[in-house]
Amino acid sequence: MTAILETKGLGKSFGRFAANADIDFSVAQGELRAVIGPNGAGKTTFFNMLSGTTDVTSGAIFFKGCDITRLSGTRRVHLGIAKAFQTANIYPEQTVLQNCRLAALAHTQGAFALEVFRRSDRLTDVDALAERAIEQLELSGVAGVRSGDLAHGDKKRLDIAIALATKPEILLLDEPVAGMSRDEARKTEALIRKLASSMTVLIIEHDMDLIMGISDSITVLESGSVLANGTPAEIRANGRVQDAYLGGHSEAEIES
Amino acid sequence: MNVSQRGAGVRFALFTLAGLALFPFIFHAIDGYAGLATQIVIVSIASIGFNFLLGYTGLLSYGHAMFYGGGGYVAALLLIRLMPQHPNLWLAVIGATLAATILALLVGALAVRLYGIYFALLTLAFAQMIYFVVEQAQDWTNGDDGLQSIPAALLPIGPYSIDLGTALPPLALGPFGNLSDIKLWYIVSALALCGVMIGMRALTRSQFGEVLTAIRENEERSSLIGFNAAAYRLAAFAISGALTGFAGALRALYDGSVAVESVGIERSGSLVIYTIVGGVQTLLGPVLGTGLIMYLEAVLSAHISYWRLVEGVIFVAVIIFLPAGIVGTIAKRFSGRAKDRALLAKSVSTGSSK
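Chains H and D, in that order, give the protein sequences. Each number in my numbering comes from the position in the first sequence (counting from 1) with 1096 added on. Each number in my numbering comes from the position in the second sequence (counting from 1) with 30 added on.
Hint data in this document are derived by calculation from the structure and do not stem from the laboratory. Just so we're clear, the structure is a prediction, and the values are computed from it rather than from any experiment. Note that CB positions come from ideal geometry on N, CA and C, so glycine has one too. Hints are not guaranteed to be accurate.
Stated by the list, open to error - Computed from the model, here is a short list of chain D residues facing chain H with C-beta under 8 Å:
#, residue
1, N172
2, V218
3, L221
4, C224
5, I228
6, A232
7, S236
8, Q237
9, N248
10, E250
11, G256
12, F257
13, A261
14, Y262
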């Protein structure tokens, strides 16, 4: 399998504090990879460097073999890297459909288009892309609702739908089920599993049930560096991982 | 665009035209004069340009006088230096608008990456630099004295060259004055304003306006779905500067002179005030705000010497009591009612479908 996304010696420092250091990471096309680690392990910083919202201090990022280290987040979206945020990042004043239409519009028109007289409401490809994303996240029932009025779980799923409407090849999900009820989390888990059949998915999550259940493989970060890589079974059996979690966090998370 | 949308557009155009046709006569009845009506119509175009930037990108420019006065000087200089024998209004206005657009692209390239007070200060600094240049380049601009006696531009249409100073035929209209008070200048300016308003209405409903609105609402998300936010803001800044420069050019040619104050900080500030008093993000607000303040200034300053104080009080009162501006407040009240009705209709229909 070829790597779709790869990092070499990737590091990020804030002043003297190294949030990420020397991360060598590779995810294969079609893989569902989880990135886990205790709080403060640098997972979100790592994701932000991948999505282009945080500058890289050292090392390089490759997408399908091309160096994208210096490309803006906007450029990376058009290459096919999309992200859903830890805190649902949506357009609260717009409807669910319009949220996804904007993402689909960005995908079809490009980063900038001086369309000053044409309205977008006749662009059927935009509508189709948006509606498909909404269906995939099972939000059709609330498509016309102002998104700021959605329940927490729906907002989180809308954020994923927005990312999906950009037609990504790789989807970065930052804690997609955080704050959801158990039922909502299981439902979202099933949706993510379905998405993963057609694209590469990278996921940060604290919910160990979900991680162990759906990941093809897991990367464990600790103190900004890679502690271990392996299948869920390997990670579960890894003594160093257990120590890291027991040292930094509750036992229940890894045991469950 | 469906039929009902087009119908709304046509209605809007007709209402705007009708309002502008009646304006100078009603204005006469309340002590206004036709010359002031023309100036209001022209300056309104600049306010619309300013409002587009503030309302659709959230960027408050405190330097729009550089486009307004800049447009005026460029139009005047084009006529004085390049075509004193055959003053062509088209060429002067188009040249000035192009110059303002280029200036906006240059300033904007640096400014649109900044926000809030930093953006305001940078635009102010650029405007002050332009002011300095205009004041110092005496050979070209006459410095503090400004450019007087700009040749009366002729508007070539087909084989005709129209002098916009021509008055309409006399016809007494009682309290509404006389038809001959109106010069062709007013008609041309009113048509220009009407065109700008129709264009602005289309622009804010266009795909471009839709993306600008999205960027204003959530820039982080917009960048990470693939919109180049800086490019959109730069384009909006250029459109805004172009409209303001266009208005400045018309004003200079109408007045027949251009003063150094037209690039000054007070001019920048007045566009802020007109727009906010009328209502940011509304189509009519900047026009109404411009008309109201310019009218009060002309009428009141003739009677009371502390007009500036009155203007300040109006501005403060609007900010405190009508933060959405006059038109914005009225529109909100109406749309609030419309929303209530829509909600009611929705709850009724979903109730019956279950």
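Cross-check of the supplied hints:
no. : hint : verdict
1   : N172 : violated (38 Å)
2   : V218 : violated (23 Å)
3   : L221 : violated (19 Å)
4   : C224 : violated (17 Å)
5   : I228 : violated (11 Å)
6   : A232 : holds (6 Å)
7   : S236 : holds (5 Å)
8   : Q237 : holds (4 Å)
9   : N248 : holds (5 Å)
10  : E250 : holds (6 Å)
11  : G256 : holds (4 Å)
12  : F257 : holds (5 Å)
13  : A261 : holds (4 Å)
14  : Y262 : holds (7 Å)
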